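Asker: First residue of the sequence shown? That's 368 in the working numbering, and the numbers climb one at a time after it.
These are calculated hints, taken from the structure and not from any lab test. Given the structure is predicted, the values throughout are model-derived calculations rather than measurements. Be aware that one or more of the hints could be misleading.
[Claimed, not checked] Dumping the calculated DSSO-like pairs for lysine-lysine here, alpha-carbon to alpha-carbon at most 27 Å: (1) Lys594 / Lys617; (2) Lys553 / Lys542; (3) Lys594 / Lys618; (4) Lys552 / Lys594; (5) Lys594 / Lys553; (6) Lys617 / Lys552; (7) Lys511 / Lys552; (8) Lys553 / Lys511; (9) Lys617 / Lys648; (10) Lys594 / Lys648.
[To be verified] Ranges between beta-carbon positions, derived for each pair: (11) Lys654 / Gly525: 46 to 52 Å; (12) Ala641 / Gln593: 20 to 26 Å; (13) Glu557 / Pro596: 19 to 25 Å; (14) Lys511 / Ala649: 36 to 42 Å; (15) Leu615 / Arg512: 24 to 30 Å; (16) Glu556 / Arg623: 27 to 33 Å; (17) Ser646 / Ala527: 33 to 39 Å; (18) Gly616 / Thr524: 41 to 47 Å; (19) Lys618 / Ala518: 38 to 44 Å; (20) Asp619 / Arg639: 24 to 30 Å.
Where is the CB? At the ideal position from N, CA and C, for every residue including glycine.
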Amino acid sequence: MKIFGTTILLASVLISNPVSAQDSNTDKRVERLEQEMRAIQRKVFPGGSTRYFEPEITDNTGPASSGTTNTTSAVTDLIARVDALESSLANITGRVEENGFRLKKIEDQLAASAAPVAGTTSSSTSGSTAATSTNAPEVEPDPKRVAGVAAIVMPNTGDAAEDAYIYGYRLWEAKFYPEAQVQLKKAAEEHSGHRRASFAQNLLGRAYLDDGKPALASVALYENYQKRPRGERAPDSLYFLSTALVQLGKKDDACRVLAEMQDVYPDVASGRLASRVASGKAAANCK
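Whole structure, please, built from the sequences with the hints as guidance.
Answerer: Here it is in structure tokens:
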């Protein structure tokens, strides 16, 4: 980082320049180092405490016996203060690395919880493939559920993206939510360039909501809006995102999402989704 480069420069100056020249520049160099330290702290901890981490050293304020002693004390003090600044910087760097590690653990946990809760088992029905729910390896799936899922036929229109979405929709409509989540996630990922990707990702969020998983729903719905803002179901995703946030106890955020929806999609918000916007605001106690 920049402060270490400055320290090396200071060391070379101390070696090459006369002692008298060092004394005249001591205060300026230390002041510059401290300013850089403050700038680093403001960048790393924005909005945090404005207290500067002063080096824990005491200046030598006793009387000097000669000019050489004064200069030597100043140089010694400079080195000590530089060491203290570097120690403070190392402490800050360690805190940043620790926070980064904690954030990585949270992201890993979120990714793990977002993994499909059910696998798929192929079952032939009129030449179609049906997804079935699986539990832990040692537990046999419910035969009635397997039969129910197998009875839902994937369409075969020749449009793979359309067929994948419609099949996921049928699973969701039949309330086979885990199976629908697997199918809709797959449809959105494998056909991301198709218009039905917006539908599939939005319905994935709804399937999570219906399955009592508002946290996963909020992730899926926000991603649909973020990745496909011009998608046909992007406005719907903002509405259902507000619903998920209300369930998570974040009503203020839900209101901000609904305001975003009205700002970005005014025609839809005042037209097709007007009643949902009104009910969403009521649920979130928006002003």
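Asker: Against this structure, judge whether each hint is valid.
Answerer: Verification of the hints:
Distance check on the hinted pair: Lys594 and Lys617 sit about 23 Å apart at the alpha-carbon level, within 27 Å; holds. Taken as a hint, the Lys553 and Lys542 pair is honoured in the structure, with Cα atoms around 18 Å apart against an allowance of 27 Å. Our distance criterion of 27 Å between C-alpha atoms is met by Lys594 and Lys618, whose separation comes to about 24 Å. With a C-alpha separation of about 14 Å, the suggested pair Lys552 and Lys594 falls inside the 27 Å cut-off, and the hint holds.
Note on Lys594 and Lys553: the hinted pairing holds, with a Cα-Cα distance of about 16 Å set against a maximum of 27 Å. Between Lys617 and Lys552 the alpha-carbon distance is near 25 Å, which keeps this suggested pair within the 27 Å criterion. For the hint linking Lys511 to Lys552, the alpha-carbon distance of about 24 Å falls within 27 Å, and the restraint holds. In summary, the hint linking Lys553 to Lys511 is supported, as the alpha carbons are separated by about 24 Å, within the 27 Å threshold.
Between Lys617 and Lys648, the direct Cα distance comes to roughly 13 Å. Compliance with the 27 Å bound is thereby established for this hinted pair. Distance restraint check for Lys594 and Lys648: the Cα-Cα separation of roughly 25 Å lies within the 27 Å cut-off, and the hinted pair is therefore satisfied. Taking the beta carbon of each, Lys654 and Gly525 are about 50 Å apart, inside 46 to 52 Å as hinted. The beta-carbon spacing between Ala641 and Gln593, approximately 24 Å, falls within the hinted interval of 20 to 26 Å.
Taken as a hint, the range 19 to 25 Å holds for the pair Glu557 and Pro596, whose Cβ atoms sit roughly 21 Å apart. Between Lys511 and Ala649 the beta carbon distance is about 39 Å. The supplied range of 36 to 42 Å therefore holds. Checked against the hint of 24 to 30 Å, the C-beta distance between Leu615 and Arg512 comes to roughly 29 Å, which is consistent with it. At about 28 Å, the beta-carbon gap between Glu556 and Arg623 stays in the expected band of 27 to 33 Å.
Taken as a hint, the range 33 to 39 Å holds for the pair Ser646 and Ala527, whose Cβ atoms sit roughly 36 Å apart. At about 43 Å, the CB distance of Gly616 to Thr524 agrees with the hint of 41 to 47 Å. Checking the proposed 38 to 44 Å range against Lys618 and Ala518 shows it holds: the Cβ atoms sit about 41 Å from each other. Between Asp619 and Arg639 the Cβ separation comes to about 26 Å, which falls inside the hinted range of 24 to 30 Å.
The structure fails none of the hints (numbered hints given earlier).
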